[in-house]
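Student: These protein sequence lines are chains U, L and H, in that order. Per the working numbering, numbering of the first sequence is gapless, rising by one per residue and ending at 437. Per the working numbering, numbering of the second sequence is gapless, rising by one per residue and ending at 873. Per the working numbering, numbering of the third sequence is gapless, rising by one per residue and ending at 1259.
It should be emphasised that the hints constitute simulated quantities derived from the structure, not laboratory data. All the given hints hold, so there is nothing to weed out.
Here are some of the chain U residues that sit facing chain L, going by a computed Cβ distance under 8 Å:
# : residue
1 : Ser251
2 : Leu254
3 : Ile288
4 : Val289
5 : Gln293
In silico lysine to any residue, SDA-like type, Cα no more than 25 Å apart, as pairs:
#  : chain 1 : residue 1 : chain 2 : residue 2
6  : U       : Lys140    : U       : Val55
7  : L       : Lys712    : U       : Asp284
8  : L       : Lys696    : L       : Lys792
9  : L       : Lys606    : H       : Asp1009
10 : H       : Lys962    : U       : Asn407
11 : L       : Lys782    : H       : Ala1017
12 : U       : Lys221    : U       : Ala204
13 : L       : Lys848    : U       : Thr13
14 : U       : Lys266    : L       : Gly826
15 : L       : Lys580    : H       : Glu1182
16 : U       : Lys398    : U       : Leu368
17 : L       : Lys823    : U       : Glu383
18 : U       : Lys176    : U       : Ser130
19 : L       : Lys542    : L       : Glu527
20 : H       : Lys1028   : H       : Tyr996
21 : L       : Lys731    : U       : His248
22 : U       : Lys329    : H       : Asn1124
23 : L       : Lys609    : L       : Thr597
24 : U       : Lys246    : L       : Met732
25 : U       : Lys326    : U       : Asp311
26 : U       : Lys140    : U       : Ile75
27 : U       : Lys354    : H       : Asn1124
28 : U       : Lys330    : H       : Arg1127
29 : U       : Lys176    : U       : Ala103
30 : L       : Lys710    : L       : Met453
31 : L       : Lys782    : H       : His941
32 : L       : Lys782    : H       : Lys1028
33 : L       : Lys823    : H       : Phe992
34 : L       : Lys823    : H       : Lys962
35 : H       : Lys899    : H       : Pro993
36 : U       : Lys329    : H       : Tyr887
37 : U       : Lys330    : H       : Thr963
38 : H       : Lys962    : U       : Asp410
39 : H       : Lys1028   : H       : Gln1160
40 : L       : Lys823    : U       : Leu411
Nothing here was measured: the structure is a model prediction, and the numbers come from that model. Glycine included, every Cβ here is placed at the ideal spot set by N, Cα and C.
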Amino acid sequence: MKCFIGIDLGSTTTKAVVMDDTGTPLGHGITNSRSNYDTAALVAKTEALISARLVLLRQELDKSSGLSLSTDDTIDMLERHFRLAQFLVQLKNLQTLCDEKAAEGNYKEDPATLGKALDGTFASLQVELSKLFEPGAERKSDFFRDLAGTVYMEVAEAEADKLKINSDTLINIYDKSIIEVENIPPEVDMSGTFMAALDSTLNADEIQTTDFGQVQSALTKVLDIELEETYVVGTGYGRARLPFPKEHIRSEILCHGLGAHLMYPKTRTVLDIGGQDTKGIQIDESGIVVNFQMNDRCAAGCGRYLGYIADEMQLGLHELGPLAMKSTKKVSINSTCTVFAGAELRDRLSLGEKREDIIAGLHRAIILRSMSILSRSGGVDNELTFTGGVAKNEAAVKELRILVQENYGDLKINIDPDSIYTGALGAAEFARRAVEA
Amino acid sequence: MSANIETLDPQKDSSMLMQKEMINSNYDALTDTANNGKKVCSTFVPGNLNELIQSFGMLNNLPETNAIQNAMRQQSGGMIQSAERMGHSEDVCTYVKADIGMMSKGNIAPNGKPMPNPDLLLLSYTGCFTFMKWFELLRQEYKCPTVMLQVPYQGDGEVTQNMRDFVVKQLKEEVIPALEQVSGNKFDIDALREQMRRSAQAEDDLVWVLESAKNKPSPIDAYFGAIYYLGPMFTAFRGTQQAVDYYKVLRQEIEQRIKNGQGPITPGGSMGKEKYRIVMEGPPNWTNFREFWKMFYDEGAVVVASTYTKVGGVYDQGFRHDADNPLESLADYCLGCYTNRNLPKRVDMLEKYVKDYEADGLLINSIKSCNSFSAGQLMMMQEIEKRTGVPGAFVETDLVDPRYFSAANVKNRLESYFQMIEQRRQGQSNMIASAR
Amino acid sequence: MSTVDIIKRCEELYEDTYFTAAREWKAADPSRKVIGYMPVYVPREIMHAGNMMSLGILGGGDNLEVIHGDAYYQSYICRIPRSTIELGKTGRLDFVDGMLFPSICDVIRNLSGMWKLMFPETYVRYFDVPQNYQDDIGGNYYVAELQELREGLEKLSGNKITDEAIRNSIQIYNINRNLIRELYDLRSEMPHNVSSNDVYLLNRAGMVIPVEEHNEMLRDYMDAAMRLDNPKRDNCRIIINGSFCEQPPLNLIRSIELAGCYIVDDDYMLVNRWLLNEVPSEGNPLQNLADAFIHESADSAAKYCDRHEDVGMYLLGTVKERQAEGVIFAAPSFCDPALLERPMLTDRMKEHDIPHISFKYAENSGQMQPIREQAGTFADSIKLWS
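Isolated chain U, as found in the complex (with noise of 0.2 Å):
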């Protein structure tokens, strides 16, 4: 089948979108950026496959009947399997690059002693990752990086303990190995890991056999179904680093304002904030871009400032949030400049005021960033649709929907899950619209 494919390879986050010929999203893959743009963008388009293979695959279990488990635990049990099994390659890789690291004699301790050590860490980190993909476990994140990172940590300490040694040298090892790891091109055998994790979960008993035969033959029709990439733009902050030819190449601008008109075709002005910027973008009827603003050369109040909050009163990101929506009482903060806000936090703080109130004011200061880059790029019509990272953010959403009642009225402000991949999906619409044309 034709594949149309959208990437966007954003500051932190490099995202894919797989599209069918009727314009119909088949899956999205998300990876963190990293210094090598190729295997960022190939990482993510891997894994809108991957997400692409299992949406057709429901598709046929739904048609198939007699199945005991549903549609909905066959698709988790077998992904989660697949996830383990690609889990375990890179761990293998991670291992071998360890391995090498340690045995170069660049440390004080001698190799022998770290590789000993470094084949308990792994030894440990295979169970616990394990762990992680086992039923109902919950996962903090869906990258490599993040879960081996966090468990390496642990299991190294004990480790170095154990052998007396320093667990530095360990986690030294571990920093300028896992950077290897996230470029090395991901090579995925699609088919022999989606039948490889099938196996899996027999052995796991997760699955009856009777059932089995059923997704088995399932499985392997929509394996069976060559994804065809039959075109892709790429998009992004970092497009221009991609290795495709210019034609291949959107603003993403354009494509965020096709995304969001993909979403929701009412949209007409769109409020993104990202990581490094925020940009304000009004779309017309078909969804192409009349007028855009981005924040100017200062990036004061982008999704940054959050997180340099978050680090100076040594919260998680996703804490913020939260906390703001206690908040009593209006604090106004006035600096939106991350490099101010800090002084300005604990001022406030000093002055006897509230956590909370001091995080709800710096919500609403970012927000006030916002409404006026939106208005510098005509003013919000409805609907308004807000992306990126912080949409996921509800006292910002809550501050965003106070202060366009404020000054725009009654408006629909559309607000998807998913908004992460809006570039990535009007990418991939362009790429159609290319074949298409």
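Based on the hints, put chains L and H in the right spot on chain U.
Tutor: Structure of chains L and H alone, referenced to chain U:
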């Protein structure tokens, strides 16, 4: 304003060579005052009284031009930092800081020889508040005679008789006596008239050149390319026979380009197909001038009209130096410079450019250093969008501070902008097609 | 009335971004008009003579949320034009019939044109002043500018502005300037009784109420302040320079005082003190106003200084007159005039061994800790070395 474009078509380069020789000759004259005995007058580009200065046999030295030269040679960054170390705020104009930093580094002219100290600071306070403090700062260093010519701002968008009288009176009672005293020469109104007659001649040809951008494709880039064309007119050559000759040759070259259906010459050779016709507001960035330009010609974008090319005089709206009324005409020249016009007038001018030159968009290069240009540009953009329907866009850079040029950022915005114009165009033609 | 009551009233006026007092003044008589003006100086006598109140617009302070104003300005431009636009766009100035934008810098200059585009119904004038101080050159130009202003205001209000009326207004403003000078003298004499917080707020009140009312207020305050007997602290005496346009948050002024500095002179709201001596109320009133401007006016970075020898001498004179021990250069971020002039002023201070420090602020600066620290250290160092 005076560096040279390399990689030119061989038959097209005579104006370029002339221009380069002229600019070099002025630096040679400036750095040779010990031998040629000439007196040096430092003054600013907007509202510069070159004809008057020349009529006293003095040389004209323009600090902005020096800062530009230094920026194009990647020297300005160090100069700015050295001025900041001396206590100048990071917030203020980098022309000023590059100038002060240049002094602290021996005041070396682009030809490698030391620049003489000015004999007179002629503060033509036209369209820029910073000029006033700039020369107060220079006066502190050079301790030389300083004379100010205050040019009132066109607050209501027009030149009143009171303003004109005020400027003429200052010319008669302050500026001319100062020039007489420093040069040792008596004021010779006929010499001034002669200069001004030649100015008007050259101005005619310059206007023709600028307006040639109304052709499709445009034979010139009226921003990046026009910087070179304006060099002689904005600096030490207006009023000279050299300038008259230069603009004649330039005009002939461009006539030929039009006949051949050629687009502008760029550092990358002749430009490809003209895809976007842009009106530009704001000065260029000088530290990354070519890189910035390349972002345009690589995309097929050509600037068809710009306001920066009017800072040293707005000739395309009718003004000519008038030898019959020399002092009044000099007053009108100063009062009419672009940044001395109020915002509504600036918007009117941009609107006219967008329409007359059939532009696809208005692009603003917003300069951190220059509040005279920059304060209010976002509103100007909105007004133009409202009045003409063409989309505006905004990039931010600085004049000569390399720390303030983010190529990735600027390129990202320009690409988005050009693609948006393209997409809107396609959307419109689709609509027309489906209406059929 | 106690000083506390008077200052409470001033604080209410200061915080009221809807300018209720001026609205009420206008509503009381249909022939009245209100003319807004920005720093640093306008001849308020001419408005007064035409039954118009001049309303000082000094930005939006630290409590105004700026949305629309920010949409018009890049990050490298100061704050006062943003918050001023916000005041306009949010209807807070909807009762204002005219706006004057004095020649102070390119940002305020351009704001005059923006105002014309935004509020085409309002009388907008860029108020130019001479930088040439010769009577027959700059003086004549200025008289003609004043005449144009007078005619514009006559047309706007329908009120004839007679010479007689201007002479009368000059007298009233002479009283006001005199009272302000007395207030500054009093603070310099007894800074423990007359705090900078109070002086600042009294000056601010003069921006937004009729001058007659302000005169009374100043008299009442000084009568009450002289009777106070606050303890005199071991503070050092400093002068604030560079704050003539965008205003610091009140907290900043308080912080400087709390850190151990008595502010004995400043350049906040210079319009109240721009003309240094009594303006003659006989003869041609416009000529008198022009003469006062040309020959006997205060200094600020918005002025051109004719001779290098005179640069910074006004400030130096104030230091001597007020027996100040140091100067704090406090300028708004991105303020061209103040920041361009600062190196020349600090040179002059160095030449005369006057201790000084510099920092920047914005009208909505939120963090005071660094200000307290710098001012405190400055005060300590002056005490240690003097």
